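2 protein chains.
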Amino acid sequence: MQAGKPILYSYFRSSCSWRVRIALALKSIDYEMVTVNLIKDGGQQFSEEFQALNPMKQVPALKIDGITIGQSLAIIEYLEETRPTPRLLPQDPKKRAHVRMISDLIASGIQPLQNLSVLKQVGQEKQLSWAQQVISSGFNALERILQSTAGKYCVGDEVSMADLCLVPQVANADRYKVDLTPYPTISRINKSLLTLEAFQVSHPCRQPDTPPELRA
Amino acid sequence: MQAGKPILYSYFRSSCSWRVRIALALKSIDYEMVTVNLIKDGGQQFSEEFQALNPMKQVPALKIDGITIGQSLAIIEYLEETRPTPRLLPQDPKKRAHVRMISDLIASGIQPLQNLSVLKQVGQEKQLSWAQQVISSGFNALERILQSTAGKYCVGDEVSMADLCLVPQVANADRYKVDLTPYPTISRINKSLLTLEAFQVSHPCRQPDTPPELRA
Numbered sequence: 131m132q133a134g135k136p137i138l139y140s141y142f143r144s145s146c147s148w149r150v151r152i153a154l155a156l157k158s159i160d161y162e163m164v165t166v167n168l169i170k171d172g173g174q175q176f177s178e179e180f181q182a183l184n185p186m187k188q189v190p191a192l193k194i195d196g197i198t199i200g201q202s203l204a205i206i207e208y209l210e211e212t213r214p215t216p217r218l219l220p221q222d223p224k225k226r227a228h229v230r231m232i233s234d235l236i237a238s239g240i241q242p243l244q245n246l247s248v249l250k251q252v253g254q255e256k257q258l259s260w261a262q263q264v265i266s267s268g269f270n271a272l273e274r275i276l277q278s279t280a281g282k283y284c285v286g287d288e289v290s291m292a293d294l295c296l297v298p299q300v301a302n303a304d305r306y307k308v309d310l311t312p313y314p315t316i317s318r319i320n321k322s323l324l325t326l327e328a329f330q331v332s333h334p335c336r337q338p339d340t341p342p343e344l345r346a
Numbered sequence: 131m132q133a134g135k136p137i138l139y140s141y142f143r144s145s146c147s148w149r150v151r152i153a154l155a156l157k158s159i160d161y162e163m164v165t166v167n168l169i170k171d172g173g174q175q176f177s178e179e180f181q182a183l184n185p186m187k188q189v190p191a192l193k194i195d196g197i198t199i200g201q202s203l204a205i206i207e208y209l210e211e212t213r214p215t216p217r218l219l220p221q222d223p224k225k226r227a228h229v230r231m232i233s234d235l236i237a238s239g240i241q242p243l244q245n246l247s248v249l250k251q252v253g254q255e256k257q258l259s260w261a262q263q264v265i266s267s268g269f270n271a272l273e274r275i276l277q278s279t280a281g282k283y284c285v286g287d288e289v290s291m292a293d294l295c296l297v298p299q300v301a302n303a304d305r306y307k308v309d310l311t312p313y314p315t316i317s318r319i320n321k322s323l324l325t326l327e328a329f330q331v332s333h334p335c336r337q338p339d340t341p342p343e344l345r346a
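Top to bottom, those sequences are chains A and B.
Here the first sequence stands for residues 131 to 346, numbered as in the working numbering.
Here the second sequence stands for residues 131 to 346, numbered as in the working numbering.
These are computed hints drawn from the structure, not numbers from a lab.
Keep in mind that the hints are not guaranteed to be accurate.
Just so you know, same-sequence chains aren't split out, so a pair can sit in one copy or run between any two.
Said to hold, decoys possible - 25 Å max Cα-Cα, derived DMTMM-like pairs, lysine to aspartate or glutamate: (1) LYS224 x ASP339; (2) LYS256 x ASP309; (3) LYS321 x ASP195; (4) LYS225 x GLU210; (5) LYS193 x GLU255.
Just so we're clear, the structure is a prediction, and the values are computed from it rather than from any experiment.
All chains should be modelled from the sequences, with the hints used to inform the complete structure.
Here it is in structure tokens:
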């Protein structure tokens, strides 16, 4: 059951998959990747085979230590508890609370409202303004929070789970042409994080399933 | 700074507030409640005073130990770390992963898509079918997951954070007239949990801000 490397089910453009790819890279965890194309064949996440693995029909999912975990933050918390170095949650409970609050703000308060399946339901003509409104509204709150929690990164000067959520969300904001000038703190932290190797190797433009025209 | 009881900012009908009220009750934490009416005066969460406290303009928020935490799961994790008895996360990391996966499935995968502010944007005529679709889709996945994780409750036989998410989400399902017959495991666990005192005293029908016609 427990033999073999962890297997990450991932899609290059999925911001939630990217969060987990960063965690795996930061913790130097060797893994295999199975790519799940969310668009091709009407969405490979809807296959019976994948649904058996993750009934939510979403990426990421991680097979590890004999179990399969869905939900990116649950995966990251599991990695943190079983592979604690380097830590992605600070030692101080109050700082941990800040990290989790920022992570949840993005993972529950922004991303789900602008993901592919919701935008499909919203309809083509309203998609862009819907996504922009959702992201801007979340970023207004986030910018204000970061002004009191941030050091070099989202919470103090150590990379944390909050940063793993921030960078992929800023990439989504770019994709939907959100004006980032009202968010100097978000922009500054994002820029610093993108210089780190773990954020670069996990980037959507460098994945095995990245289409040639989006590679960098 | 740290003097005084924790203060919970809550709205009787907010399912995320209910999660935290259950945690506080289970852990026998004495607290004060400030009610925030999400409908009255155009929504009291939009007041400058409340925004300063929680820039996300959402309940719940908890003032505790000199900090203010937003996001219900971040609050519950903080309570778990600082007031560990009784535990709301199992000791075994794999079971903890299951608890967090189920919690996130509800907190990121269902609730945000059917909350008041989203339904407002969806528009009156589509609201009900939108909420039903979102909840059913999440419950299809959840039912399947629970079939392998559940004992008496969502994960094994101990009440966990996952249960604190389940019961309020089932109440939302009821509110939006979702047919629960396809979800026998969800229904069974919900029924068991509702017999527990912590779930009863925290119930939306028994809060200081519950309107008389909804009291029970």
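Here is what the structure says about each hint:
In this assembly of identical chains, the alpha carbons of LYS224 and ASP339 never lie at most 25 Å apart, being 39 Å within a copy and 30 Å across copies at closest. Taking the shortest alpha-carbon separations for LYS256 and ASP309, only the intra-copy value of 18 Å comes in at or below 25 Å, while the best inter-copy value is 30 Å. Taking the shortest alpha-carbon separations for LYS321 and ASP195, neither the intra-copy value of 34 Å nor the inter-copy value of 33 Å comes in at or below 25 Å. Taking the shortest alpha-carbon separations for LYS225 and GLU210, both the intra-copy value of 15 Å and the inter-copy value of 14 Å come in at or below 25 Å.
Proximity of LYS193 and GLU255 under a CA criterion of 25 Å is satisfied in neither setting, with 38 Å inside one chain copy and 42 Å between copies.
The earlier numbered hints that this structure contradicts are 1, 3, 5.
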